[in-house]
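Asks: Below, each chain spelled out in residue letters.
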Amino acid sequence: MTARTAYAKIWDAHVVAGDPRARALLYVDLHLVHEVTSPQAFQGLRAAGRTVRRPDLTLATMDHNVPTWERSRPTPDPVAQEQLRQLEENCREAGIPLLGLHHARQGIVHVIGPELGVTQPGMTVVCGDSHTATHGAFGALAFGIGTSEVEQVLATQCLWQAPAATLEVRIEGALPAGVTAKDIALGVIGRIGVGGGRGSVIEYTGPVVRALSMEGRMTLCNMTIEAGARAGLVSPDETTVRYLEGRPAVPGGADLARAAAAWLAVASDPGATFDRTETIDGTALVPYVTWGTTPAMVVPVTGHVPTLDAFPTEAGRRTAERALAYMDLAEGTPIEAITVDRVFIGSCTNSRLEDLRAAAEVVLGRRAHPRVRAMVVPGSQTVKREAEALGLDRIFRDAGFEWREAGCSMCLGMNPDVLLPGERCASTSNRNFEGRQGAGGRTHLVSPAMAAAAALHGHFVDVRELATTRLPEPPAARAGG
Amino acid sequence: MRPFTEHEGLVAVLPRDDVDTDQIIPKQFLSRTDRDGYGDACFFAWRLDEAGRPRPDFELNHPGFRGASVLVAGRNFGCGSSREHAAWALLDSGLRVVVAPSFGDIFTVNALQNGLLPVALPAEAVRTLVGRGERHDGYRLTVDLGRQEVRDGEGLRVGFTVDPFWRDCLLEGRDPVAMALHHAAAISAHEALRSPLLPVSTGLDT
Ligand code: SF4
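Note that the protein sequences, when read in sequence, are chains Z and H. Read left to right, the first sequence gives residues 83 to 563 (my numbering). Read left to right, the second sequence gives residues 1393 to 1598 (my numbering).
Read the hints as simulated data drawn from the structure, not as lab findings.
Some chain H residues well away from chain Z (every beta-carbon gap over 10 Å; in silico): (1) P1395; (2) R1439; (3) S1485; (4) G1486; (5) L1513; (6) H1528; (7) G1545.
These stretches of chain H come out as covered by chain Z in the derived footprint (C-beta under 8 Å, 3 or more residues): (8) 1410-1416; (9) 1554-1565.
Heads up, incomplete: computed chain H residues facing chain Z, CB under 7 Å, no partners named: (10) K1419; (11) S1423; (12) T1425; (13) A1437; (14) S1474; (15) E1476; (16) V1569; (17) L1589; (18) D1597.
C-beta: ideal position from N, C-alpha, C; glycine also.
With the hints as constraints, model all of the structure from the sequences given.
Replies: Below you can see the structure in the form of structure tokens.
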């Protein structure tokens, strides 16, 4: 039997009909649903007289458009309210489990799937959201879909898919202190570009990836879409099994051993070949900061905003010029000289317990810079509870940071958590597009530790130069409680 | 599915790379729960200034592009968010075709699902189209899906390929959901063989 990639194994195991080499009907094991991209799908379903085929393989939450300051009063925007109401009604009608606004397990769709254990190796996972790639950290084939496809999955539990090319991104060596999964992601996108992964499924391999925690792998896979790839994944290993053990949707006892054997069998076989391989020296990675309006416009924190003559083509120069104008940055400015007004620690990229801990270790015993308004938005109510049990909320509050309820918040600013025109933000989210965090707002993408450091100093600083306090390891966290 | 066979129309050019779906339709319009009426929201922040006046520096505000149904853009058009609202907004503002050197993967499918045709042409050909479109003299293109070629009145003729699955869907107005339901027996057979150890979502909401 020839050596196969994890992607090929998952693909082969899910083809229901069609031509597996051209266009196949692929079965979906888990369909995650949220309020923003689903209302039109349910309407379409109803208009066609169809019903939801597998509510038991569908899980809904409210995350994009929910308030994060307090939950006792309704969302002020009546249009948003109607959107939340429709999700509730659609789920009730179809029998789809909903972790709604007031549910103890509510959270960002890509945070709650893994923490509940519904995302497992070898599965196909889809969601009407481009950052579905996050679930690939478990060795699942997970990708974002549009609303018409949401409707199709509701109706059929299947999708028409063409096979993707495979791209191996191999991170060699070891990660230096102060460099995180977010920096790997930014480093990779800086190298291959925002279109570098187009048409491909990326598998992250190599010793650096093997040494990453599940939370780090989620951060890395999450950003895969920013390289234009369809999905990103990491072959499952013992780290994956340990993370899943004991989670609500994961079997126990003898079934766990059987499930774990199946999970580990999903990993790419030794000698499996990829269509393309990019090798990156992990020891050369540093903390990165984006300077422009795509995640590929990125430089080391010790670097400078590029000069226009660094762009070989006329089109490249024009794009960079527009980005500099939007970001209100002069060519050649040292990154550490850029001041910030806001700091956002959150989003499906960096809002899990490990992220909040890394930020808290920088913050402990210090105060936010008086100009900076900093907020921490846990990815889920579960993360929030766990962080509070460790006292992280106190560390942030004592430093003058806001401690919020779970949701997407200022990652995309659909709720009142937005940047004002001209405000500059150090953000742990995934997109620095124009206006992403608020019309006229300026976003610099960084890791949680780098965001925390920027909040304390009022400008970007190299987190490797700061003394940080190691917080004790949390007890084995379980989303069951 | 809205069919697409051949289209002839006025060209507008937006020679920017990496136009993301956040620009095509900003988040403040994503709270709505319908599929149409997004035309006014299309390219909102690029099109209008804070006071709601058209920005003179935005390419598509040129009067010569009014009524355009073919958009010619830079590489990686429609990257970023999966919001299908981007395709709805482009259609609602009168577009039927977007020509670019490349497209975001999710955007491509969203566009096709709605009968908006993404046409990927070599960068060189796109540069030629941009040059001709920028003359602002009513430059028009014919996009022929059956023959998979783009033609203009100046002798230009460039071929393109659309995934055969989607080409058939568009030419014949076929519904991908109905096509999937046609395989209901195969879907049930697959379900019967799924491992009982696989997770379910029920019971997690209590
Ligand atoms: S946190 Fe941001 S990127 Fe993640 S699902 Fe929410 S809006 Fe999308």
